[in-house]
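> Given the sequences, and given the hints that come with them, work out the whole structure.
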Amino acid sequence: MNIKANKILWEDIFKKLKSEKRTKMDFLRSIPFFQRLKSHQLEEVSNVLHERIYEPGEYIFEAQQPGASLFLIQEGTVSIEAPLEDEKIVQLALLKDRSFFGELALLDETPRSASAKAVVRTRVWALFRNDLQKLCHSRPDIACEIYKILANMVGERLKSTNKLLNGQEAVKAAS
Amino acid sequence: MTFNRQQRALIFKGFAFLCSIGLLIFLVIALKKLIFPMIVGALLAYLCRPLLNLFRYHWLPEGIRLFILMVSFVGFLFVATWVVRSNLPNEAELLELSTRIQYKLNEKSAQYFEISKPKNEKSFISKVLEEQFAPFVQDLNHFVSLNEAQEKQFLGYYQRGLILEKYYQYFLKNKDYKESDSKREVSSTLVDGNKKAFQLSRIMGVFEVWIITPLVFLFMLFDKGNFSRYWVRLIPNRYFELTLTVFEQVNLAIGKYLRGTLLECLCVGLSMFLGLFLIGIDLQAAFLIAMIAGLANAIPFLGTAVGLVVGVAYAMIAEDVSPILPFLKQDDLLIAVIAVMTIVHFLDNAVFQPMIVGHAVNLHPVIVILGILGGSLMFGFSGVLLAIPTIVVVKVFIETLSKGLKDYQII
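Residue numbers (the working numbering), protein chains in the order written: chain L, 71 to 245; chain H, 616 to 1026.
Note that these hints are calculated values from the structure, not bench results.
Please note: incorrect hints may appear among the correct ones.
[As the list claims (entries may be wrong)] Each computed DSBU-like pair below joins lysine-lysine, with the alpha-carbon atoms no more than 30 Å apart:
hint: 1; chain 1: L; residue 1: 204; chain 2: H; residue 2: 839
hint: 2; chain 1: H; residue 1: 839; chain 2: L; residue 2: 91
hint: 3; chain 1: L; residue 1: 204; chain 2: H; residue 2: 871
hint: 4; chain 1: H; residue 1: 1010; chain 2: L; residue 2: 204
[What the hints assert, rightly or not] To give an idea of the interface, some chain H residues facing chain L are shown, with a C-beta separation under 8 Å as derived from the structure:
hint: 5; residue: 839
hint: 6; residue: 863
hint: 7; residue: 1023
hint: 8; residue: 1024
Ideal Cβ placement from N, Cα and C applies to all residues, glycine included.
Shown next, in the form of structure tokens:
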């Protein structure tokens, strides 16, 4: 009887651990940031992620603080906000499950340009910049892929900002 | 008086924090003996981690990788132990060394204390020397003298031709000295009996305590960050990024300091070995002295003194020295040893330290001396060894934390 009970207990524990790991891997696979990574590479990345849970209204980070991590939302909603000069706050975006933010912190320690606040109870995974730098030595293939994605993303943003500026200049010239 | 949920959480956290601090202090005091072996295991893991990172191939299954690493680790330990043991004196050599040390000690002390002269004819210096150092010399003499069983062993080795005639003569003279001091003989027999029992229990005690070192070493070496991630989970969200940054900075500083110090010790040991070999000290002794001086170099100031004492002590008992450098004579050995120590010390300060350790951990000499003295008073020899790494950790931690707290607008 005891042996049977023990077996069920251990099976339950291992099943739970396995299902937690599978859920985490499925979640990582669904994020565009990691879509190019293979399963074994994703597993390495999952080993360096930190899980955090934020309550509604709690700041994940605030503008002007030094950036250190990229955040991936597993479940919940995060509001990206920028403070204005007259102490008012403007909402720049509302991010939901499987979104990510704070990616520029992976490049350097430049202060955050906006704040991130949890709107509801939110579970996020954080990738710390120094862990990514360590991956450069231990698993350069993974770090290289992540930096490539990051470079593409920054490039795309630069292009769209240029487009926006050009459009505004054209409007000014026409008026 | 009622509290809201936030206040209750704050009270609970404060209470838990105080309890944890109390528990930590209690554990540090209760497990004082285990702390040093644990720290040694952790530091070794720190040093070896970069090697482990070189061996991370994703195509190699985890189990096989760990197996190869474990086999290599055990193999390395086996080879290192074998090399050290083969360079350490065997039983006959140890008995011979004790006899030589005792003989030379008696010879030199008789010379410096002018024992052959009557008291009123002795010079002032020899009187002062005798007054100050005679009890120490007698203790040292007692420490290196052979007991009855060892004397029998010595004679056995001599009859088998494993010990030279010259050392047998030393042995006889030491025996004469021993017989002339019958009081000392009685006390030494008593001490010898107790010494054996004491040594056995001490060896068992050391084994029990140091068994933790390889366990901590392997655990820390193969941990994939789960241990640190568990502790980071307990940190409040507000301090999460700050904590990671501070941890990382401290981690980098410790790694840099430890690897730098190890490399510096290696350079000091190698240069000393080369120097001692050039002035004619035989390979085995040069290796031992260089190893002791190199390891002791990890302790600032004290390391140089330890190297000097061991080197000078050997120079005083050394015989049949044939220096490789042509301008050196056998009688100059003591001066040559001091010269080698001085050159190596200069090399260490001018070349090794700035090039290897750099100014990453700039500590004021007063802090270093106070740290070593404080460490020695609180934790004995382990305190001396760990004082500087601990000061480095605290210094980097406070510097990084205060900068981080300002950057994150917490203070």
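> Mind checking the alpha carbons of residue 204 of chain L and residue 871 of chain H for me, to see if they're no more than 30 Å apart?
Satisfied, since the Cα-Cα distance of roughly 15 Å is no more than 30 Å.
> Does the interface hint hold: is residue 1024 of chain H within less than 8 Å of chain L, judged Cβ to Cβ?
holds, 7 Å
> Measure nothing beyond the straight line between the CA atoms of residue 204 of chain L and residue 839 of chain H; if it is 30 Å or shorter, mark the hint as holding.
holds, 12 Å
> Per the CB criterion, is residue 863 of chain H less than 8 Å away from chain L?
The hint holds - residue 863 of chain H has a Cβ within 8 Å of chain L, the shortest such distance being about 4 Å.
> Regarding the hint that residue 839 of chain H lies at the interface with chain L, is the smallest CB-CB distance below 8 Å?
holds, 5 Å
> Please verify that hint: residue 1023 of chain H, Cβ, nearest Cβ of chain L, below 8 Å or not.
This hint holds: residue 1023 of chain H lies near chain L, its Cβ roughly 5 Å from the closest one there, short of 8 Å.
> Please verify whether residue 1010 of chain H and residue 204 of chain L have alpha carbons no more than 30 Å apart.
holds, 24 Å
> Within 30 Å, alpha carbon to alpha carbon, are residue 839 of chain H and residue 91 of chain L?
Answer holds: residue 839 of chain H to residue 91 of chain L is near 15 Å, not above 30 Å.
In this structure, none of the earlier numbered hints is contradicted; all agree with it.
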